[in-house]
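Residue numbers (UniProt numbering), protein chains in the order written: chain P, 1 to 203; chain B, 1 to 199; chain X, 1 to 558.
What the hints contain is simulated information worked out from the structure, not anything from laboratory work. All of these numbers come straight from a predicted model, not from anything done at the bench. Some hints here could point you the wrong way.
[Unchecked claim] Under the rule of at most 27 Å between Cα atoms (straight-line distance), these lysine-lysine pairs were calculated in the DSS-like manner:
1. B:Lys27 - X:Lys180
2. X:Lys6 - X:Lys450
3. B:Lys183 - X:Lys531
4. B:Lys104 - B:Lys129
5. B:Lys127 - X:Lys79
6. B:Lys77 - X:Lys128
7. B:Lys6 - X:Lys213
8. X:Lys450 - P:Lys101
9. X:Lys291 - X:Lys268
10. X:Lys549 - X:Lys53
11. X:Lys27 - X:Lys536
12. B:Lys127 - B:Lys164
13. P:Lys196 - X:Lys529
[Stated by the list, open to error] Sample of chain B residues facing chain P (criterion: CB under 7 Å; computed from the structure):
14. Leu120
15. Pro121
16. Gln161
17. Leu165
18. Asn167
19. Phe170
20. Gln175
21. Glu176
All C-beta atoms in this analysis are idealised placements derived from N, C-alpha and C, irrespective of residue type, glycine included.
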Amino acid sequence: MLISLRSDHKEHLQLLTTQPLQVVVDFCKLALDFLQNGPNLKRYTTAAQKLEVDVDVVQNCVFGLINLLILSCKHKLSEADFRDSVLTLGFSQEHQAVLSKFYESKQNDIHRINHICINEPHYEDLKWRFEVQVSSRSLLQQVTPLIAMELVLKTQSDNGTEKESILLQTDPNNLLHIANELEHALSESRSRHSRKIQRALTH
Amino acid sequence: MKISEKWKHSLTSSQNINLIPDATYKKLVENCFAVLTGRDEIHSMNSLYSSKPDIVKEFYAALLSVSAEFVRCNLTKEEIAQFLTSSCNFTQPRTNLFVEHIEKSRIGIEASLLNIGGSLPHLTDAKWKIDYIVKSNVVDQPEGPLFRVSLITEEYDAEAQCKKLKNVNFTCTSQELQDLVYKLKDAVRHCSTLHNHIL
Amino acid sequence: MEEVDKIIIDSLKQLECDISEDVEHLKQFDADMVVSAISTCLEAVTPDLNLPKRLPPSMSARLNIASDLAQQIKSLGFKGDMGYQTILYCNEVEVRRVLMFLIERLSRETIKTAPVEQTGYVPRLVKKIEENVKKSLTQTWIPSSLIHYGVRECDGGYTVSSFGNCCPLYTVPLAIPDSKSDDEVLKEYWIHTIPDVTKQCPGRTLIPSLLFKDTEFTEKLNLLDAIKKQSEVVSVSGIPNDIEINILPQDRHKELTEQSVQKLPDSKIDDLVTEVETIKTQFLSLQEAIKNNELQLSQIRNMKNEEQEVLKDTLSKIKLKTKTLAVINKEENMAKLKNIVQNASDRLVELANQWNQVQTPLLDEYRSLQNTLTSDEIKLQEEQSKLEDVKDTHQKLIEDLKEKSILEQTLMQKYQQMNRNNNRSAYTRRILEIIGNIRKQNNEIQKVLKDTRETQKEINNLTGQVDRSFTLSEELIFADAKHDETARRAYKLLASLRDECSSILKAVSELGLSERESRNLQEQIDTEKSKEVAVKLNRVYTDLEQIQKETQVLLNQT
Numbered sequence: 001m002l003i004s005l006r007s008d009h010k011e012h013l014q015l016l017t018t019q020p021l022q023v024v025v026d027f028c029k030l031a032l033d034f035l036q037n038g039p040n041l042k043r044y045t046t047a048a049q050k051l052e053v054d055v056d057v058v059q060n061c062v063f064g065l066i067n068l069l070i071l072s073c074k075h076k077l078s079e080a081d082f083r084d085s086v087l088t089l090g091f092s093q094e095h096q097a098v099l100s101k102f103y104e105s106k107q108n109d110i111h112r113i114n115h116i117c118i119n120e121p122h123y124e125d126l127k128w129r130f131e132v133q134v135s136s137r138s139l140l141q142q143v144t145p146l147i148a149m150e151l152v153l154k155t156q157s158d159n160g161t162e163k164e165s166i167l168l169q170t171d172p173n174n175l176l177h178i179a180n181e182l183e184h185a186l187s188e189s190r191s192r193h194s195r196k197i198q199r200a201l202t203h
Numbered sequence: 001m002k003i004s005e006k007w008k009h010s011l012t013s014s015q016n017i018n019l020i021p022d023a024t025y026k027k028l029v030e031n032c033f034a035v036l037t038g039r040d041e042i043h044s045m046n047s048l049y050s051s052k053p054d055i056v057k058e059f060y061a062a063l064l065s066v067s068a069e070f071v072r073c074n075l076t077k078e079e080i081a082q083f084l085t086s087s088c089n090f091t092q093p094r095t096n097l098f099v100e101h102i103e104k105s106r107i108g109i110e111a112s113l114l115n116i117g118g119s120l121p122h123l124t125d126a127k128w129k130i131d132y133i134v135k136s137n138v139v140d141q142p143e144g145p146l147f148r149v150s151l152i153t154e155e156y157d158a159e160a161q162c163k164k165l166k167n168v169n170f171t172c173t174s175q176e177l178q179d180l181v182y183k184l185k186d187a188v189r190h191c192s193t194l195h196n197h198i199l
Numbered sequence: 001m002e003e004v005d006k007i008i009i010d011s012l013k014q015l016e017c018d019i020s021e022d023v024e025h026l027k028q029f030d031a032d033m034v035v036s037a038i039s040t041c042l043e044a045v046t047p048d049l050n051l052p053k054r055l056p057p058s059m060s061a062r063l064n065i066a067s068d069l070a071q072q073i074k075s076l077g078f079k080g081d082m083g084y085q086t087i088l089y090c091n092e093v094e095v096r097r098v099l100m101f102l103i104e105r106l107s108r109e110t111i112k113t114a115p116v117e118q119t120g121y122v123p124r125l126v127k128k129i130e131e132n133v134k135k136s137l138t139q140t141w142i143p144s145s146l147i148h149y150g151v152r153e154c155d156g157g158y159t160v161s162s163f164g165n166c167c168p169l170y171t172v173p174l175a176i177p178d179s180k181s182d183d184e185v186l187k188e189y190w191i192h193t194i195p196d197v198t199k200q201c202p203g204r205t206l207i208p209s210l211l212f213k214d215t216e217f218t219e220k221l222n223l224l225d226a227i228k229k230q231s232e233v234v235s236v237s238g239i240p241n242d243i244e245i246n247i248l249p250q251d252r253h254k255e256l257t258e259q260s261v262q263k264l265p266d267s268k269i270d271d272l273v274t275e276v277e278t279i280k281t282q283f284l285s286l287q288e289a290i291k292n293n294e295l296q297l298s299q300i301r302n303m304k305n306e307e308q309e310v311l312k313d314t315l316s317k318i319k320l321k322t323k324t325l326a327v328i329n330k331e332e333n334m335a336k337l338k339n340i341v342q343n344a345s346d347r348l349v350e351l352a353n354q355w356n357q358v359q360t361p362l363l364d365e366y367r368s369l370q371n372t373l374t375s376d377e378i379k380l381q382e383e384q385s386k387l388e389d390v391k392d393t394h395q396k397l398i399e400d401l402k403e404k405s406i407l408e409q410t411l412m413q414k415y416q417q418m419n420r421n422n423n424r425s426a427y428t429r430r431i432l433e434i435i436g437n438i439r440k441q442n443n444e445i446q447k448v449l450k451d452t453r454e455t456q457k458e459i460n461n462l463t464g465q466v467d468r469s470f471t472l473s474e475e476l477i478f479a480d481a482k483h484d485e486t487a488r489r490a491y492k493l494l495a496s497l498r499d500e501c502s503s504i505l506k507a508v509s510e511l512g513l514s515e516r517e518s519r520n521l522q523e524q525i526d527t528e529k530s531k532e533v534a535v536k537l538n539r540v541y542t543d544l545e546q547i548q549k550e551t552q553v554l555l556n557q558t
């Protein structure tokens with residue numbers, strides 16, 4: 001599939017199509033810096049001075065580049081699709097090679113950043129130990145097998161990941177039931193029916 | 001086992017048939033085990049007082065605490081009978097009645113005693129559903145399966161004086177659920193190897 | 001599946017189940033063989049079972065036996081579909097599953113050694129733990145809201161399935177009548193006002209309050225006693241004894257004065273009081289003086305006694321000295337004494353010499369004897385230690401021998417057991433073969449996968465290209481269409497072309513989908529066919545007829 005950009009977005013990127021290869025590489029670096037550290041006006045002004053254009057133009061160009069990446073990631077463009085999309089924007093073969101490489105290297109990072117939007121606790125770890133309660137103050141002789149567990153849940157939020165650990169206990173009977181139940185869930189997700197749904201959704 | 005002298009005295013002194021007739025004794029024993037197993041009293045206490053309410057109250061309290069103490073220390077039938085006849089002057093029929101009742105409700109009383117004390121939230125059930133994300137604001141492509149797991153735990157609620165259900169909710173991807181299931185199965189496997197003399 | 005069949009048949013043969021040599025697949029099993037295989041397995045798993053090995057000719061008896069066996073297998077925990085039909089109208093797949101399950105059971109059961117009855121706290125505890133875990137794991141799961149107090153009863157014991165109802169231990173003080181007490185007011189309170197213990201606190205705190213007295217520090221009566229005792233001790237030590245003496249005379253004075261008080265006027269009384277006071281002080285000082293004097297007297301008496309003792313001693317000494325002086329004063333006596341002394345000392349020297357003469361040889365002899373004795377003792381000790389060493393080694397050798405012989409026995413036993421299932425190598429060989437096969441299959445699967453992936457890629461590329469070329473040409477023609485009429489027509493044509501093409505693509509992909517589906521259906525049909533329902537139905541019909549005949553015969557008989 002080919003992505004189509006808005007016309008103003010296209011305009012912002014036009015600056016790069018006429019520049020030599022080295023400039024494109026430098027802009028990729030600027031975009032990378034933006035991803036890691038946010039906008040850096042100083043570097044944009046120096047770049048603008050070098051190219052003898054307005055700072056705004058440079059800034060818009062960097063933002064355009066980032067937006068292109070985000071859109072490509074959103075649609076999960078394959079390598080070939082990305083190549084064709086870039087070519088239709090008016091970039092040369094060499095430019096396209098640089099941009100493709102950039103896209104390839106940063107694809108995963110952007111996916112990761114995108115996923116942060118949904119803040120729900122995720123399973124992280126489970127620790128368990130088997131214990132037997134042999135006596136208590138109110139019942140001196142007993143044999144009660146128990147499994148104590150620590151469930152660690154991870155929630156991603158704007159200021160990093162938060163981990164929450166929950167202490168639980170259960171008995172072998174319930175443990176067996178829960179293990180079977182969750183295993184059932186897992187096998188259900190691999191059943192023919194589920195695969196059909198998955199296939200239907202991807203087409 | 002330590003039964004205080006006060007209880008022994010209460011039990012002994014109430015053996016006089018004039019103070020507590022056999023019929024009242026039987027009803028008191030039935031009430032006692034109903035209370036200890038967490039049920040309501042079968043007979044109304046007011047109907048059992050007759051002329052000596054204080055004696056009946058005292059005997060009832062002694063009966064309750066002694067029965068709880070017997071089960072707490074896991075005394076056998078024979079030991080209980082021995083104690084009642086020798087230390088508290090119980091007659092043979094009364095001892096037999098008591099022992100018969102305590103054996104019948106022993107597990108119930110043990111359950112009551114087990115349920116005294118603090119404990120972690122107890123996991124009793126799990127609910128799950130499988131979600132597929134068709135589209136989201138950041139990703140156009142479908143994603144999934146995502147497992148929404150809800151572990152159901154029970155905990156004692158001091159205010160409501162009963163157990164309260166609490167859900168622990170979280171989301172898993174396939175790999176994460178696989179990991180969780182693997183760990184749970186590992187625990188189950190450990191338990192099931194126990195009865196093959198591994199311990 | 002062949003390997004599995006071989007393993008199953010092998011294990012069955014080991015159980016002395018009569019299977020003829022030419023049977024190599026489970027396909028060749030008929031109902032009779034299945035019954036004999038299952039019943040031998042069941043007998044091996046649960047030793048005290050006695051099951052028929054052959055099917056009887058009567059149809060209803062057959063049915064009974066088959067459902068019996070099915071029940072047994074289910075009770076062992078078989079999860080699959082299991083009934084008399086699995087045994088009587090056997091199908092290869094199901095029979096394989098059942099036999100695999102049974103044989104797995106078998107190996108596990110034979111490993112188990114006879115449990116040794118152990119005593120002592122820890123072994124009993126371990127045994128109890130094992131039992132409870134087993135109970136808990138084998139019970140069917142029940143939602144915990146159906147379980148009272150989270151405790152489930154099962155064959156004589158209980159298992160805990162939830163501590164959700166576990167209430168923290170909390171006690172309250174309970175008011176309980178006490179028949180030992182004689183306090184009437186308290187009794188009134190007990191009889192009329194006080195509620196039963198069961199109504200004095202919430203239900204869950206009743207048992208802890210009865211069992212434990214956390215809120216009562218000590219018994220109240222004892223506390224009071226303790227305080228009383230404490231105050232008594234203070235009063236005894238704090239107030240000096242002589243006060244009592246002081247009080248007594250005062251009282252007496254008061255009595256005396258009281259009699260005359262009414263007659264005397266106030267001034268007189270005052271005078272008298274002061275007089276009494278002065279007399280009292282005088283009396284006190286006099287008493288003090290008497291005490292002092294008495295003390296002095298006793299001291300003086302003591303001194304006197306001591307002096308007398310000293311006097312006696314000196315007197316006796318003086319007597320002795322005067323006597324000796326009288327004896328010594330005479331000359332003869334003096335010489336005699338000197339002589340006697342001389343003689344005695346001479347005699348002493350002589351005796352010493354004699355003693356020496358006698359003593360030296362004896363001493364020598366004694367020493368030599370002692371020397372020999374010690375050397376003998378040393379030798380003896382050496383011998384003894386040697387003997388002990390020998391004994392030790394003897395003991396050790398015997399122990400070694402015992403251990404070795406026990407080991408030998410156990411090894412022999414093991415060896416004999418090993419003999420029974422020495423087809424381990426055969427198993428491993430088979431497993432290796434299976435692994436090889438699987439690897440080959442895996443390679444093939446990988447190849448196929450690669451092929452499909454490549455095709456998929458090609459398809460994707462092609463669709464992508466189609467898409468792209470359309471968009472490109474669309475853009476180009478669209479730009480022209482604003483000015484040119486033919487271009488506009490071309491644009492329309494392009495649009496229709498696009499629609500057509502996409503419908504063709506759709507049709508092709510649908511074709512693929514339906515092909516796949518038809519293949520799936522074909523597979524399902526094949527599996528259904530393999531179950532040979534028609535043949536089995538026929539058999540069921542004939543069996544049914546037979547049963548009807550049998551019942552008819554029985555009816556006729558009656």
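Exercise. When you check the alpha-carbon spacing of lysine 77 of chain B and lysine 128 of chain X, does it fall within 27 Å?
Worked result: holds (20 Å)
For this session: Could you grab the alpha-carbon distance between lysine 6 of chain X and lysine 450 of chain X and see if it respects the 27 Å cut-off?
Result: Violated. Lysine 6 of chain X to lysine 450 of chain X sits at ~34 Å, over the 27 Å cutoff.
Exercise. Should the interface hint for glutamate 176 of chain B be scored as holding, given a Cβ-Cβ cut-off of 7 Å against chain P?
Worked result: Status holds, d = 5 Å.
Exercise. Can the hint on asparagine 167 of chain B be confirmed by a CB-to-CB distance to chain P that is less than 7 Å?
Worked result: Hint on asparagine 167 of chain B: violated, closest Cβ of chain P at ~11 Å, above 7 Å.
Exercise. Is the straight-line distance between the alpha-carbon of lysine 6 of chain B and that of lysine 213 of chain X 27 Å or less?
Worked result: Between lysine 6 of chain B and lysine 213 of chain X the Cα gap is close to 13 Å, so the pair holds against 27 Å.
Problem set entry | Given hint lysine 164 of chain B paired with lysine 127 of chain B - CA-CA distance at most 27 Å | holds (17 Å)
Problem set entry | Agreement of lysine 291 of chain X and lysine 268 of chain X with the hint, judged by alpha carbon distance not exceeding 27 Å | violated (34 Å)
Exercise. Quick one, are lysine 104 of chain B and lysine 129 of chain B close enough, alpha carbons at most 27 Å?
Worked result: violated (44 Å)
Exercise. Is the interface hint for phenylalanine 170 of chain B satisfied, with its Cβ closer than 7 Å to some Cβ of chain P?
Worked result: holds (5 Å)
For this session: Report holds or violated for the interface hint on leucine 165 of chain B, using the least CB-CB distance to chain P and a cut-off of 7 Å.
Result: With a closest approach of 13 Å, the leucine 165 of chain B hint is violated.
Exercise. Lysine 549 of chain X and lysine 53 of chain X: Cα distance at most 27 Å?
Worked result: holds (25 Å)
Problem set entry | Distance restraint between lysine 127 of chain B and lysine 79 of chain X, which requires alpha-carbon spacing of 27 Å or less | holds (23 Å)
Consistency with the previously given hints fails for numbers 2, 3, 4, 9, 16, 17, 18, 20, ordered from lowest to highest.
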